[in-house]
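Protein sequences appear in the order of chains F and V. With our numbering, letter number 181 in the first sequence gets 181, and the count goes up by one each step, no holes. With our numbering, letter number 30 in the second sequence gets 30, and the count goes up by one each step, no holes.
Just so you know, the hints here were simulated from the structure itself, not pulled from any lab data. The reader is advised that the hints may include incorrect statements.
DSS-like, lysine-lysine: derived pairs with alpha carbons at most 27 Å apart [to be verified]:
#1 33/F to 8/V
#2 32/F to 95/V
#3 47/V to 39/F
#4 29/F to 198/F
#5 33/F to 72/V
#6 198/F to 8/V
#7 198/F to 131/F
#8 95/V to 29/F
#9 47/V to 32/F
#10 95/V to 39/F
#11 39/F to 131/F
#12 39/F to 29/F
#13 72/V to 8/V
So the chains spell out like this:
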Amino acid sequence: MHIPDSFIPLTQAIVYWVITIPFIFMSMKWAKKELDEMKIPVLAALAAGIFAIQAMNIPIGMGTSGHMVGATLVAIVFGSPWAGVLVLTLVLLVQGFAFGDGGITTMGANILNMGVISGFVGYYTYAALRKSTGTSIAAFGGAWLGLFISAMACAVQMYIAGTFPLVPGLMAMGTYHLIIGFIGEGLITAVVITAIAKSRPDLLEDSFTARPEKSKKEAHA
Amino acid sequence: MSGKSNMKFLYAGIVVALLLSALAPFLASPDPDGLESAAGGVIEESKMSELEEMEPAVSSPMPDYTIEGMGKSGEVMAIAAGTIAVLVISLGFGKIFNKKA
């Protein structure tokens, strides 16, 4: 979903930067407040892993492929969508400047879609679902919806840019990203979150979405 | 969180990320992604070729995760270099923002 420079006129691309910069600023405030020696290795591992997995395009049929975005995964691990914005900003910076994957002028829009929209929608969907569905299904649902909504936002931006017609653009982006979101985002996020919940529950328990067992365990300790 | 096992998490993350970097050039689908595929379907051909011919605003050293003249091994190195760059930037960023040390 990396928008190249040619898909958005410069003036509109600047508008998306202006919208996105406060979110990047807030993610840095989050980092300043939350990051410590315990969390930095986890953040770095997730950032490197997300960069690498974004190179792994999965075929989804119809001559199309897609890859994970990862903002929801990071947000769930850290219990904050700002963590997702931060990691996706770092990943998109390297992708844009070193590899021409996503434009430089359109990086604001790309951070807005993949960092902010997918991370916020994904994280709060997860938070809303997890009490009734459990961690795995909530992680799946959040990641899937987060990716889908960000693709819809991207289609609207393409329409405003005069690059895509509105309805066919929404239909095409929606169809592809429902599938990409199911496999590439939902399943991978659910598997990773479930694995972390089993092997390192303390990582997830750090956040306010901590599972209820946390307080019990601490009470015993 | 215990600091020691978080370093283990970091090392495991690095191993997984580098493994993905090495495999991606061989396993990743070469098909266009969702946005490119949608563009191919909904944009008129003449306009599409016009868009494709436009140069990016800033040229990148390793466009499309390739190193010129190095084929698949160049792709592995490009993606691995990107993975390591993201790792180093994240750790550096963490250092700057970690005022609690």
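So, going through the hints one by one against the coordinates:
no.: 1; hint: 33/F to 8/V; result: 24 Å, holds
no.: 2; hint: 32/F to 95/V; result: 10 Å, holds
no.: 3; hint: 47/V to 39/F; result: 47 Å, violated
no.: 4; hint: 29/F to 198/F; result: 30 Å, violated
no.: 5; hint: 33/F to 72/V; result: 42 Å, violated
no.: 6; hint: 198/F to 8/V; result: 16 Å, holds
no.: 7; hint: 198/F to 131/F; result: 17 Å, holds
no.: 8; hint: 95/V to 29/F; result: 14 Å, holds
no.: 9; hint: 47/V to 32/F; result: 45 Å, violated
no.: 10; hint: 95/V to 39/F; result: 11 Å, holds
no.: 11; hint: 39/F to 131/F; result: 25 Å, holds
no.: 12; hint: 39/F to 29/F; result: 15 Å, holds
no.: 13; hint: 72/V to 8/V; result: 30 Å, violated
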